[in-house]
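Please take these sequences and the hints and turn them into a complete structure.
Here the working numbering is used: the first residue of the sequence shown is 250, the next is one more, and so on.
I should point out that these hints are in silico values taken from the structure, not numbers from a laboratory. Check the hints yourself; a few may be wrong.
Said to hold, decoys possible - Heads up, simulated DSS-like pairs for lysine-lysine below, C-alpha to C-alpha not over 30 Å straight-line:
#, residue 1, residue 2
1, K491, K657
2, K620, K666
3, K615, K666
4, K630, K666
5, K630, K643
6, K544, K613
7, K613, K637
8, K657, K620
9, K615, K657
10, K637, K657
11, K657, K630
12, K478, K491
13, K666, K370
14, K487, K685
15, K666, K491
16, K615, K477
17, K613, K630
18, K477, K487
19, K630, K370
20, K623, K613
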Amino acid sequence: MFGRNGHLPVAARDSDVERLGDWPFAGLDGQSLLLLSMLLSSGFYEMAIAANCVMLALSGAAQTPPKDEFRGLLQQGFALHQQARFVEAIPLLEKARRMEPDDYFANLLLGIDLLRTDKTKEAIGFLQTAARVNSDEDTPEEYLGEAQARLGHFEQAAAAYMEGVKRGKSSEESVLAWAGFALERFRQIGEQLRSAEAGVAAMRTLQDEAKQPVASLRCSAPIPLLEKKLEVRSANAKSAAKTRHDLSLCYAVEADRAAAQLNTNARDQGALHQLRGDVLLRLSNDAAGAQLEYKQAIALRGQDPALFERMAEAQMSAGDPEGARQSALAALGIDPHRRAAMGTLATLAMNNRDYEEALPWLEKMKAESPKDRKVEVELGKALAQTGKPVEALKNLQDALTAGYPDEKGALHSLEAKLLRELGRSADAARAADEAKQLSNAFQSGNRSGSKPNAKQ
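This is how it looks when you write it as structure tokens:
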């Protein structure tokens, strides 16, 4: 079953290839329809969505009191959006929205542009309004899923993507978005499982289950409920590992089901190759096979930054750091806000011990996703290596306090070192003792199930 793979990592639209879907074209003239057709055939899906918003508004689908002013603002905002000048577009779209607070298109475009400029929290309210105003559209839910996932609100993200599939009646676009999110969560949870002994045992169970036919596997509970359960930090290490195992299984089953559905009747072959690549990379650990799929997808949709982003990850996994670097830079050249591409560049720099080069990528990633504890830890390490002990200590302690696993005590040892550099000898001694206890417990195998981390 886990023989096919594919995350759209960022959150399911990890591909920034936002699809037009079953949008209302009634009222558009021949020239407008021709423009949309050209955008879609060229792979500019998000641009097509924005164009449709504007054209419908200008054709009378979004009438507001001062029509001319509203139309002008929306048109100007869209023109800037087309050029990826999101920061300049936002004030115009905000003004248009103030004129008509419940206008679907103004709220949707504003939410998209805020999301693209890392103002994720602000974007959510406008996307929620768009979703409420047009309850038949799946597009706002897919963007909401992306936004919630960036903030680490995985329960809400899963619920939004599932609502998108429901609204879209399992449309190709909504299924792709859901599959992408599922595969990214599968990857993230797998990293968490491998970082603790209880999780390693759960991973072995998962690998055994992967050999079974997908039809024989079942989800133990609805995914949003399992995500909510995982957020409750009162659980001990063993029960948390069990919940992560159950979630991984559920996400793998959903991704496999989505891939099977798209294999049967996919209209967008580029998207299908992308999903196949994601499945190979995420579920099968087949980086070489994933690269072949991504290469075919890029041939069909060359200007999709998500494809270069994924190709970079596959190349890094296959041991081609220079290829990974070039692909990640290509993704950022198309869209400077691609978080996974930044992560690849940061990882490559950290692997080469070029901490100064890693810092700006890690800092931007933290600004985008402040609850990403792995980013916090890596940022803390880079800051420690570049003579910034105060900032390094804060990032490290925030991650440990939030429950980031440190079974071997290495992070507590770094904490102790930073505290000594800052002249806090007593605190350093306590951190060093914690590090020693964790290390000894790990080596002896006498771990307490209720204390996977000395700070929990």
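Right, here's what the structure says about each hint:
Taken as a hint, the K491 and K657 pair is honoured in the structure, with Cα atoms around 21 Å apart against an allowance of 30 Å. Only pairs whose Cα atoms come within 30 Å are accepted, and K620 paired with K666 is accepted, the gap being roughly 24 Å. Restraint check: the Cα-Cα separation between K615 and K666 comes to about 23 Å, which is no more than 30 Å; the hinted pair holds. Restraint check for K630 and K666: the C-alpha separation of about 12 Å stays at or below 30 Å, so the hint holds.
Restraint check: the Cα-Cα separation between K630 and K643 comes to about 11 Å, which is no more than 30 Å; the hinted pair holds. Annotation: proposed proximity of K544 to K613 holds, straight-line Cα distance about 28 Å (limit 30 Å). Of the pairs offered as hints, the one joining K613 and K637 holds, with about 17 Å between alpha carbons and a cut-off of 30 Å not exceeded. About 23 Å separates the Cα atoms of K657 and K620, which keeps this hinted pair within 30 Å; it holds.
Between the alpha carbons of K615 and K657 the distance comes to roughly 25 Å, so the proposed pair stays at or under 30 Å and holds. For the proposed pair K637 and K657, the alpha carbon gap of about 24 Å is at most 30 Å, so the pair holds. Restraint check for K657 and K630: the C-alpha separation of about 16 Å stays at or below 30 Å, so the hint holds. With a C-alpha separation of about 11 Å, the suggested pairing of K478 with K491 holds against the 30 Å cut-off.
With a C-alpha separation of about 35 Å, the suggested pairing of K666 with K370 is violated against the 30 Å cut-off. Under the criterion of a C-alpha separation no larger than 30 Å, the hint pairing K487 with K685 is consistent with the structure, at around 22 Å. For the proposed pair K666 and K491, the alpha carbon gap of about 34 Å is over 30 Å, so the pair is violated. Proximity of K615 to K477 is assessed by CA-CA distance (about 23 Å); at most 30 Å being required, the pair is judged to hold.
Between K613 and K630 the CA atoms are separated by roughly 15 Å; this keeps the pair inside 30 Å, and the hint holds. Between K477 and K487 the CA atoms are separated by roughly 17 Å; this keeps the pair inside 30 Å, and the hint holds. The straight-line distance between the Cα atoms of K630 and K370 is roughly 27 Å, inside the 30 Å bound, and the hint therefore holds. At roughly 14 Å between alpha-carbon atoms, K623 and K613 fall within 30 Å of each other, so this suggested pair holds.
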